[in-house]
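Student: Mind docking chain B on chain A? Use the hints.
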Amino acid sequence: MATLCGLIASVMTTYWGTGASGSGVAELIGYLNGINYPDFIGIKTLITKIIGVTLAVSGKLCVGKEGPLAHIGANIGLLVLYIPNRFMFLRNDEKKRAYVAAGASAGVSVAFGAPIGGALFAYEMSKPNTFWRFSMIWKVFFACSVANLTLAILTSLYSNEF
Amino acid sequence: MSVLKFGDVVDNYKGTDYWILVPSSLFIGVLGGLYGPLFININFRINAWRKNNIKSKCAKVIEAGFFCFLSASIFYFVPYIMNDCKEQGKNDGEKIRQEAWCPQSDDETIINYNPLATIMWSSEGEIIRNLMRQNFDITIPKLAVFALVWQILTAITYGVNVPAGLFLPGMVIGSATGELLARCMHEFHWIDEGMYGDVRKHFVVLGCSSFLAGYTRMTYSLAVIMMETSQSISIFIPIIFTIIVSN
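Protein sequence lines, in the order shown, are assigned to chains A and B. Per the numbering used here: the first sequence = residues 1 to 162. Per the numbering used here: the second sequence = residues 1001 to 1247.
One should not assume that every hint holds.
Calculated lysine-lysine pairs in the DSS-like style (CA-CA distance at most 25 Å, straight line) [to be verified]:
| hint | chain 1 | residue 1 | chain 2 | residue 2 |
| --- | --- | --- | --- | --- |
| 1 | A | K127 | A | K96 |
| 2 | B | K1055 | A | K44 |
| 3 | A | K44 | B | K1142 |
Chain B residues, not near chain A, derived (Cβ > 10 Å throughout) [claimed, not checked]:
| hint | residue |
| --- | --- |
| 4 | L1026 |
| 5 | L1031 |
| 6 | H1189 |
Treat the hints as calculated values from the structure; they're not laboratory data. All residues carry an ideal CB built from backbone N, CA and C; glycine is no exception.
If we strip away everything but chain B, and leave its shape as in the complex, we get:
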């Protein structure tokens, strides 16, 4: 019961499978720790420029409108450029997926959907829940494009004269990166098929905590918040490893 909800994080590991989380949590922590200072540096330079050049109140309003227009059109047209369609049975998922520019299929029980449009056109909590879903099918380059778009837009948007937060963009970027890492490891056969579904969900949570710890520099409170949000005790120690390395 919260504003932001993760999907079901289940853990049924067998034998020594659990130990894959320890080296990978350290690696995700390194990624988050590299990203945090980079983000702060870029954002600091952009805001210094902004403070010198945009002074009048009218210019600030126009700038905010321009950024809204820019990010809305980027979010709309990137799925159009990288358009492809996946099939899904109509009764599988509980949420409707975005059908975007996909043609209608002849079979009644199958809908075509566009995976990139599905995550780009939804709110932030929806993004994380969609990434965690079992049969969500998206290719690696598209996920990379998604993470890159969010990184660049967040870095240039923060500092515009509107009320804005920094928690959720970090979580979105982190979850996309964690998912990306899980898919790469699956591609190279470092994770076997049976535990891939569980590892993916845990990587999403680890990515969130790592990228948040990278630039907000919170420690124990972030660990407890992530554990309570994902409602899974067993990844508490990997989260702590990630946050320590990231800081």
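Excised from the complex, chain A in its bound form:
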């Protein structure tokens, strides 16, 4: 059973969403500092990452789910910009990096339940780059807080403690 889970995850990663293999945090550091990877961000990568990491963890491989959560957050953050007929003027390199940083920090903060830690994580990963304005810190922190609030609401709904 575990082998089947791992096989499905690997088939998806190898044949469909090739950008999803590995942790994603190292590539994220590269991306925030100005290197574009092929297939690193896209709808295929997102779906493969979400399903693949679930299957890999349940397949008893010795892997974690925190690094992929950062990658998933980064993907969602960038894909927000590509909603049709919206945000046309924001699709430049600088804004893309800002949105990716916000998404990744939201992912990490949800994984550890640490909003301030998530914001600092994005700050440290991007090695304060030129796209970091002063006002970005509190925007990223706000993104982390909203992510944690959403998680809290979902958890309480799931366990019927409202």
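Tutor: Then chain B, alone, in the frame of chain A:
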């Protein structure tokens, strides 16, 4: 409220007991700093070999399936080889422990459980919470075996063509090592009985941060993340010592 949750880290130290955390945090930092480069070196060599020899897509899929089979069977059979049973009252812990191959006891209020199986068959967050629990009883060699199995499997698994993360294996190895250190110090009577329960929990958190800092090379963000996850202010300075030494 998070995906990964620690247990309750309480701190009620009396007098000068708190200062035991400072030299031990430095020592755990040395351990984590030694482990990080070792892990990266082994993993780098294995991945270089992997890149040269496994090229076709079919071979990559077969390799991932093989590693799944390998680690699942190791996790299943190690508790069988090192089988022993501990007793626990039925109403003590809130979570059910794995009864594995233990015989049923005659008394209704006592269940037998296998401590190694309990931590090997649970998810990663469960492992840390189980290690922190007050009356969790596991011997030192078994804890060492557990940490060793996770180290070897993580080093050879990372790089297989599946989505994989590196945060949680480091935390599991670190927490097992911290727990191991606390039990050794208790065995040699360096920690007295009264504060052993608190020191154990703090060592688990310190071990996590040290082993993560060893190979991810994060500094202040890791310190803040660990403090927020464990929700305890008083071990912030020991965590910072650990991370500095480890880096």
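Student: Decide, hint by hint, whether the structure agrees.
Tutor: Going through the hints against the structure:
no.: 1; hint: K127/A <-> K96/A; result: holds (16 Å)
no.: 2; hint: K1055/B <-> K44/A; result: holds (23 Å)
no.: 3; hint: K44/A <-> K1142/B; result: violated (43 Å)
no.: 4; hint: L1026; result: holds (23 Å)
no.: 5; hint: L1031; result: holds (20 Å)
no.: 6; hint: H1189; result: holds (35 Å)
In summary, the structure is inconsistent with hint 3 from the numbered list given earlier, while agreeing with all the others.
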